[in-house]
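> Could you put together the complete structure from these sequences and hints?
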Amino acid sequence: MTPDLSVDLGFLKLRNPVLTASGTFGYGLEFAPFLDLARLGGIVVKGLYFGPREGNPPPRLVETTGGLINAIGLQGVGVKKFAEETLPELRKIDTAVLVNVCGASDDEYISVIEFLDRHKGIAAYELNISCPNVKKDGACPALSADGTYALVKSAKSVSRRPIIAKLSPNVTDIVAIARAAEDAGADGISLINTLLAMAVDVETRRPKLANVMGGLSGPAIKPIALRMTYQVASAVKIPVIGMGGIMTGMDALEYLVVGAKAVQVGTANFIDPAAAGRVVDEIAAYCETRDIAKVADLVGTLKA
Amino acid sequence: MTPDLSVDLGFLKLRNPVLTASGTFGYGLEFAPFLDLARLGGIVVKGLYFGPREGNPPPRLVETTGGLINAIGLQGVGVKKFAEETLPELRKIDTAVLVNVCGASDDEYISVIEFLDRHKGIAAYELNISCPNVKKDGACPALSADGTYALVKSAKSVSRRPIIAKLSPNVTDIVAIARAAEDAGADGISLINTLLAMAVDVETRRPKLANVMGGLSGPAIKPIALRMTYQVASAVKIPVIGMGGIMTGMDALEYLVVGAKAVQVGTANFIDPAAAGRVVDEIAAYCETRDIAKVADLVGTLKA
Amino acid sequence: MRQDARARIILKQTWGSYHLLRLESAEIAREAAPGQFLMIRVSETPYPLLRRPVSLHDRDGSELEIFFQVAGRGTALLAQKKEGETLDILGPLGKGFDLKAARRSKSAVLVGGGRGIAPLYFLGRELKAKGAKVAVLYGGKTAADLPVRKKFEEAGLNVACSTDDGSFGFHGFVTGLLEAEIRQVKPDHIFVCGPDPMMEKTATIALAHKIPTQISLEAIMGCGFGACWGCVMRIRKGDGGTWRKICEDGPVFAAEDIIWEKPA
Amino acid sequence: MRQDARARIILKQTWGSYHLLRLESAEIAREAAPGQFLMIRVSETPYPLLRRPVSLHDRDGSELEIFFQVAGRGTALLAQKKEGETLDILGPLGKGFDLKAARRSKSAVLVGGGRGIAPLYFLGRELKAKGAKVAVLYGGKTAADLPVRKKFEEAGLNVACSTDDGSFGFHGFVTGLLEAEIRQVKPDHIFVCGPDPMMEKTATIALAHKIPTQISLEAIMGCGFGACWGCVMRIRKGDGGTWRKICEDGPVFAAEDIIWEKPA
Ligand SMILES: Cc1cc2nc3c(=O)[nH]c(=O)nc-3n(C[C@H](O)[C@H](O)[C@H](O)COP(=O)(O)OP(=O)(O)OC[C@H]3O[C@@H](n4cnc5c(N)ncnc54)[C@H](O)[C@@H]3O)c2cc1C
Ligand SMILES: Cc1cc2nc3c(=O)[nH]c(=O)nc-3n(C[C@H](O)[C@H](O)[C@H](O)COP(=O)(O)OP(=O)(O)OC[C@H]3O[C@@H](n4cnc5c(N)ncnc54)[C@H](O)[C@@H]3O)c2cc1C
Ligand SMILES: Cc1cc2nc3c(=O)[nH]c(=O)nc-3n(C[C@H](O)[C@H](O)[C@H](O)COP(=O)(O)O)c2cc1C
Ligand SMILES: Cc1cc2nc3c(=O)[nH]c(=O)nc-3n(C[C@H](O)[C@H](O)[C@H](O)COP(=O)(O)O)c2cc1C
Ligand code: FES
Ligand code: FES
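Chains as they are written, first to last, in my numbering: chain G, 323 to 626; chain A, 323 to 626; chain E, 105 to 368; chain C, 105 to 368.
Hints were generated in silico from the structure; no laboratory data involved. One or more of the hints may lead you astray.
[To be verified] Okay, the calculated bits of chain E under chain A, using three or more residues with CB under 8 Å as the criterion:
1) 118-131
2) 150-157
3) 305-313
4) 318-326
C-beta atoms are modelled at their ideal positions from N, C-alpha and C, and glycine is treated no differently.
In structure tokens, the structure reads:
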């Protein structure tokens, strides 16, 4: 008997709990040659500012043990080009499309939302209040409960679509930030964004990233991300989407067990462009062999 | 020409910049069969509470990608047994011995220091205000600037020996915590302790650690630790001792380049019990081939 | 206790998921005793990160043998090693079996389950050499899980086997064989290594019959030589029991001292 | 552009730190063009984590060749692969060389330094097949860094070599050979791949002589197919230059469009 993989975020029903993480799946279409996008629970597209953005100078990437540090700096095409060229193509694909919303100022977040609100084919906004690669030393709204509350509040006040607040792991008390987002009316929470990190080339005495610091992702961070997902899912009532180092279906299931209703696959997409589809298959296979009729029944089943 | 590996912390001169990290080198003597302890810059012994401690139930360890999560819970013999049985043996070894001081309360930290102050053969105290495995959800004084300031201040007020404050990476603003330690009179700062993390066994739906959460160490965390070491070394005047994922001499040199005056080798000691000695050799070899006369000249040479 | 970074693999045997490696490592072999173990570096990369503990299966002059079953990543990598390659090993580690206690024993019973048979071959040969009468009870899931049975017999140790599916020998758990054995001739010493439930059951039986019993425990190990305090189990020391290090104080303990806890 | 998770290695050649692998991968081979590359999974473990980009060295029916030099962890692992084993590859990636522009060229000069020679063999054969007169300039540190020289000659492509230490051919940089070549017969097209300084120097020379020149760039790559935006360099598009993806818009660019930046 094939298991029911669907999950319900309340504001959004997903075919399965596997989304692709923003910035690791381009605008989605880049992956069409490698997997059937309609098999995904959803796609979170690359972070969008209102206008096109230059991003940071290279080198932008450095590999570490089990991880990847990136300092892309959110280079991108901006909302207009996205709405005109990419969104129509994405609409043809039968999967949930979420837009990762960025802004240099609160106003920019608002303008992005107001602009996209006028275009069809977007299931929800993921508010990227946690990118470590834009301001100095990784500063971003998600580093404080107040900053998070204020931004989520104003986003909710204008948006006609659900808002998912994407949190930063570079904080002392992730639960306090999550509660602030919930109090501000966020429909859901996704975490974690990358951990502020750096690497040095001893020979040249230079940072390996032109931006000096960047965001660490990949399997190396999974234990930290899983811990934070567990803490947040245990503390808030709104649905939580977990991510960080998911490479396999079993990794994804760990997130569900600690309380995430859905997950996002990130860095794995670079290593194996079919990874997100494989994760779906592996979750299905696991449920089948263990006679789990509904994957949603696994959510929050941790015995702790 | 053999390079000069000595480094001067101001309050303490070291034969070379390589210390062993607390809790990863036992009480030191466990490693005598594998390397000549006198070749080390110094030994930081396992965290000591005043009395003997039970520690956490097993499982206490779980391996992750490039990392190790531990929840030992500071099981240990206590200061009396240490002073009577271990310290006399350590005194015979020609290397700096540092004691990692723990406490369930501020008073206990003080009693540990007052007790050890009466015994010879300790070069400095490393104040472990950052162990994530003792209180719930990793709570510890190093999570707040105030907590750090208060504890360091009272420790300094009684101690007749230098105090190194060991910081936690589980914070939003590591620089603020470091400054608090400096303002309170700390003679040095060491970082990082482990990152709060967890892992789950999907089959049993149980955490892989009996303690649910533990501290992540090893190569996986090096990019985060290096970033924090760089931020702190750039912000304070007192010497900084960096650690996190150091496996090789080149890893150690990255820490010196970003501003650490010395480093500690931790998890690597489990994998290769001769690791700390090898790191010393690799640093020496690097300096020799690059005609670097004094390793101290590499400290803080990052071009950023 | 020392490190041999280049212990050469001079023989390899494979039975399905079970593998035997014979290593040339003179100093470690010289110091080795039954029940002790090695910590083996299974990869030069940081993945997997930690060494893996494996018991000494046999010792012959300057040579050591290990016998292991693939359980996951690390043992899978170990299983890929070929003759002529070298291994980075630490050993001999732990206290091993107390042979003094066993010396006086006229009849010793060795109970091994699955991969747990590994340390019992070395032990059995030593006991036999010391003139003890040795009976080996060897349990596995199926006939395919008894690869070293013949090896015991060739060493003059008589072996009774059990399989969970009845495909070979006694149909049932090896603890069933033990109870039968005890009914015939009550042994004056029992040595056990296997899965936790099997060891716990054996302990119960042995204690009921007041037969001195030594059990070789397993735990996830960070270092193997007493430095990380990661491998503890609750062990009585006269007292009500404290966390003691399996790697250093064990891995072998007296059945009556072990406090079996339910998993976390 | 597709994934072939099981491209079989049907031939392996090794010269010191240089290696050549011939792969059976029909679909990717069919689509392949000179200057395109593969992203290769060098390990099934997460270490190293990312795929490694390697140029297409040749294509023959359903077979592909790659030629690489060991530069670190990943290429070292790739160098350990044996005939009969399979590789997980993505390809063909990137735009490759613009052969239309070159079709009219009567005389093309191919300038390769070290491992940078890799894409020029596939290119040279295609140009020759299209009837162009092809001269190959091949530079290396020493004679040992020119392993595929004979291979070019056997393909009927004449090769002039240079070595930094003078151990073979012209004593000096390959750019010296280029200047000499230009003095004799001014080529009407230049194709370049090698270390950044060598490519930058070549660009300067070519631009000075107003010779259309295509350069194959390298960058650290996260994905290889345009998804991570990690591989950018500053490229002119009429405009003053913007960060463009080497993997998708390149790796080959016109010399005049490349803005060479000093390292961060
Ligand atoms: C003192 C001692 C002696 C041992 N002797 C032998 C032997 O002679 N032959 C043999 O086949 N095995 C032996 N083992 C067990 C062996 O160490 C584990 O099977 C091995 O470490 C698993 O590593 P892995 O990477 O293959 O599996 P992993 O992928 O790490 O884990 C697979 C499964 O094995 C469990 N596991 C992991 N580490 C250990 C461990 N240290 N002990 C027990 N279970 C573990 C995990 O919880 C998991 O369920 C011994 C263990 C100890 C502690
Ligand atoms: C489009 C393209 C085509 C290439 N074709 C070939 C080829 O045909 N043959 C060949 O030998 N090499 C080729 N390279 C270079 C090759 O990809 C790198 O040498 C390799 O990725 C290094 O990986 P590593 O793990 O061995 O080294 P690492 O341990 O990762 O690093 C070792 C050194 O190589 C540098 N490096 C790492 N990644 C890259 C990269 N992607 N490009 C350039 N330098 C890098 C690092 O900065 C470091 O200095 C190509 C690169 C690109 C971008
Ligand atoms: C190259 C790269 C680019 C990213 N860009 C974004 C982004 O635009 N917006 C965002 O919210 N997160 C971005 N992230 C973070 C990921 O969405 C994800 O939160 C993080 O990588 C952890 O998941 P992973 O370990 O599976 O990669 C990016 C990550 C990487 C590696
Ligand atoms: C098993 C284990 C026990 C530890 N015990 C202590 C301790 O008692 N006191 C302390 O300050 N840090 C302790 N630590 C943290 C280390 O000293 C070090 O800060 C951390 O492991 C990062 O370094 P590494 O990545 O090189 O291991 C422990 C770490 C491990 C892995
Ligand atoms: S395994 Fe480290 S103390 Fe036992
Ligand atoms: S390598 Fe990912 S966009 Fe070029």
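> If a hint holds in the structure, say so; if it doesn't, say that too.
Structure-based check of each hint:
Counting residues of the stretch 118-131 of chain E whose beta carbon lies closer than 8 Å to any beta carbon of chain A gives 0, which falls short of the minimum of three for the stated coverage. Counting residues of the stretch 150-157 of chain E whose C-beta lies closer than 8 Å to any C-beta of chain A gives 6; at least three are required, and the coverage claim holds. Proximity of the stretch 305-313 of chain E to chain A, defined as three or more residues with a beta carbon under 8 Å from a beta carbon of that chain, is not established by the 0 residues found. Counting residues of the stretch 318-326 of chain E whose CB lies closer than 8 Å to any CB of chain A gives 4, so the stated coverage by that chain holds, three being the minimum.
This entry does not satisfy hints 1 and 3, going by the numbered hints stated previously.
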